[in-house]
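Taken in order, these protein sequences are the chains called Z, H, D and E.
Residue numbering for the first sequence follows the UniProt record's numbering, beginning at 1 and increasing consecutively.
Residue numbering for the second sequence follows the UniProt record's numbering, beginning at 1 and increasing consecutively.
Residue numbering for the third sequence follows the UniProt record's numbering, beginning at 1 and increasing consecutively.
Residue numbering for the fourth sequence follows the UniProt record's numbering, beginning at 1 and increasing consecutively.
Keep in mind that the hints were calculated from the coordinates and are not lab data.
Keep in mind that the hints are not guaranteed to be accurate.
You can't tell identical chains apart in this list, so a pair holds if it fits in one copy or across any two.
[Said to hold, decoys possible] Straight-line alpha carbon distances no greater than 30 Å define the calculated DSSO-like cross-link-like pairs of lysine-lysine that follow:
(1) 158 - 212
(2) 155 - 218
(3) 218 - 139
(4) 139 - 212
(5) 20 - 139
So the chains spell out like this:
There are 4 protein chains.
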Amino acid sequence: MDKYQSIKVAAYEANMLLPKYNLVVFTFGNVSVVDRKEGVFAIKPSGVPYEKLSPESMVIVDYEGNTVAGNLRPSSDTLTHALLYKSWEKIGSIVHTHSTYATAWAQALQDIPIFGTTHADHLVTDIPCAPPMNDEMIKGNYEHETGFQIINELKARKLAYEDVEMILVGNHAPFTWGKTADKAVYNSTVLESIAQMAYLTKQINPNAGRLKDALIVKHYERKHGGNSYYGQG
Amino acid sequence: MDKYQSIKVAAYEANMLLPKYNLVVFTFGNVSVVDRKEGVFAIKPSGVPYEKLSPESMVIVDYEGNTVAGNLRPSSDTLTHALLYKSWEKIGSIVHTHSTYATAWAQALQDIPIFGTTHADHLVTDIPCAPPMNDEMIKGNYEHETGFQIINELKARKLAYEDVEMILVGNHAPFTWGKTADKAVYNSTVLESIAQMAYLTKQINPNAGRLKDALIVKHYERKHGGNSYYGQG
Amino acid sequence: MDKYQSIKVAAYEANMLLPKYNLVVFTFGNVSVVDRKEGVFAIKPSGVPYEKLSPESMVIVDYEGNTVAGNLRPSSDTLTHALLYKSWEKIGSIVHTHSTYATAWAQALQDIPIFGTTHADHLVTDIPCAPPMNDEMIKGNYEHETGFQIINELKARKLAYEDVEMILVGNHAPFTWGKTADKAVYNSTVLESIAQMAYLTKQINPNAGRLKDALIVKHYERKHGGNSYYGQG
Amino acid sequence: MDKYQSIKVAAYEANMLLPKYNLVVFTFGNVSVVDRKEGVFAIKPSGVPYEKLSPESMVIVDYEGNTVAGNLRPSSDTLTHALLYKSWEKIGSIVHTHSTYATAWAQALQDIPIFGTTHADHLVTDIPCAPPMNDEMIKGNYEHETGFQIINELKARKLAYEDVEMILVGNHAPFTWGKTADKAVYNSTVLESIAQMAYLTKQINPNAGRLKDALIVKHYERKHGGNSYYGQG
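Let the hints inform the model, and build the full structure from the sequences given.
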């Protein structure tokens, strides 16, 4: 019995949701799922088409990025995942895609403004876009530095990763995370939807304003915290 | 025999049309259907994915928003539905979605201009966008106040809910209604289509003008009133 | 044996292509097919959803718009079809839709500029947008006048209906036609595709220029006339 | 046993991917696959709908554009394919489509700027848009000249066809190529995705800047050359 079977199945199933939700073409995305007890995570192998994936093809990697089990090379973004798991103890899964609208905002080097309640249902701030790294970082341990860039951007903005579960990496594409694989994939899907709505909003009204604070707080608290009343509790 | 069976089935079937017509992702929408004799309506339970819904999972609620039957918590938007049913005696069903283009117009805080006959086939005015509520209303009984905001916006514009069966709630998203569940869902679908066409029209020609009155009247009367000649009568 | 069976089947099958090619929602479109010997055409009944259509539900109408056979009321656009069949002897089928991008150009009251060879493969001019009718015409025999508006717009531009098989009716939507039902539906689909590409072209480059004459002629003649070398001859 | 069977099957299967990946409507595209030993390539017949294709319907053509085997007329773009195979010894397959976003950039006569890492994963320069040919070339051997235009544009920019496997032909549409049919079709799909993202990026931020050199090099080298670490090696 494979002691990693559970995260391999979870990572496999979550990866298969990316094409289902139209978040990827070909192999442009990856999901990982962590096992906190074992200190390892399961991640998509690099460059393998989704239709050829299976739970067995997932690669088991530790927080330093070393492959612990599996016959294939892990995703080229593995070191970014590793650093986030190492640094953020409460996350259970990470998703990286090049979904169309979120990637366009990342390429435009702009935060996604909080224009409406769909956005506020999920987070109370603009969706941050981290600037591109400096050349040293890019030429160095690039994927590891990408993780630092994400962590540092949240810190610099005084945002907690438990509250803001999504970010754009400037000129690159989005990363999302969550306590479970379902939540992390949900976040990628919601981000793409919010990114599209924000795009259209700005095209309709270039002077569209930020959602007012009272609405931000109200909608966020409907879904989060002790007084939430959304869902089945 | 459940005396609410008929509206539970109708509400279930209408809710299932939302993903079919691409009006929702995940749980971002809800339909209710009223039973005027019993003075209650059936509504989607809060936060339950569409693929897990059944007629049995619908919640029965009265016009004050009290749950009368059902094991689940009703939609977080229930009080908005309740007030509309209480205030507008002739409607039979209400739909709320965050459909992409309609929500973008709501976020832009702009009415959808009547640019063409597709629009005039359904209503003779711009599609109204109600402004966001003041902070008191938001912090108070928010969903109930959302209902008031909708009712008051139509009143302020001297529009009858029997004629204008759709509205944008500013910074939030659309609500539509109708005499039947099919008509209410139809209205949400048509609204999204009109919203997309109006978006494109404005991008092609920022100075695009309002449809002329003669065409508005002609197209509306083809489909509505005693001299209509659209459909099978 | 029904002597109209052949055009009823052809009209039914062509109508069913409209939802297949994403040219309509609900009942927003109609196709007719003419029988030149009998001097009648088969057309979609008014307001009947596509999934409920059958060859038997098609309505047989003469060139004056009188129903000759069938139990249902014909499309509310029937008089437009009738006048076009009466005036243009060589067409065999007419299609009317409210397809998204073509309708947006119609609402913007702009011709679709000939920006590329995809367009020139099908016609050598901008796709004309007829202006809205004057109020007298609208209040009068509206659908009949719509037919005149189409015919007169082509005349005014010195375009032959055999060459230009598509037009936008300003503030309304497109009409296309062709020698066969397949060709008429093909034209509606191609028009929507050209309309989308032209929209995007103009957004990318507001100063994008018209295709040069040599390319227009070359591409059109590849597909049309005695020296064409596209297709299987 | 047909000695061309292998390239006929490969060309057939690759052509069938074009509608699957939403790169074509009707017959607006074609794929060819070369047999370097025999000095011929298999290409789609002209104007035949994808659903009627079979390996047997592929046409075998030599580098001068002469039909060597097959009962149908080859694609009207055959002479472009022929010249590229003759000139570029290392390519194995060519794809031509009128995919929506890539064609819009071609119609706008603009290169697709390198805005992000999705682009840099595939090539290190803007995607070139060749200007329209002069009238002599158009009126002459047009499809043959189109091949020259492609070859000359790469030369003028000092780009190698082995590195840049895609180009826009101004006012026309894209061509892509690759060592295999799968790679050539992959390139057409990636190009369409990059074209859409670049479109959105420019709409969000008209001043969006080019990706910095360090990121271009990093991402390209992750996937290409001796130090690549993407995929399974």
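Comparing the hints with the structure gives:
With identical chains, the CA atoms of residue 158 and residue 212 are at most 30 Å apart both within one copy (20 Å) and between copies (27 Å). Taking identical chains as interchangeable, the C-alpha atoms of residue 155 and residue 218 lie at most 30 Å apart whether they share a chain (25 Å) or sit on different chains (26 Å). Taking the shortest Cα distances, residue 218 and residue 139 sit within 30 Å of each other only across copies (7 Å), while inside one copy they are farther apart (44 Å). Taking the shortest Cα distances, residue 139 and residue 212 sit within 30 Å of each other only across copies (12 Å), while inside one copy they are farther apart (42 Å).
For a Cα distance limit of 30 Å, the shortest separation of residue 20 from residue 139 qualifies neither inside one copy, at 35 Å, nor across copies, at 38 Å.
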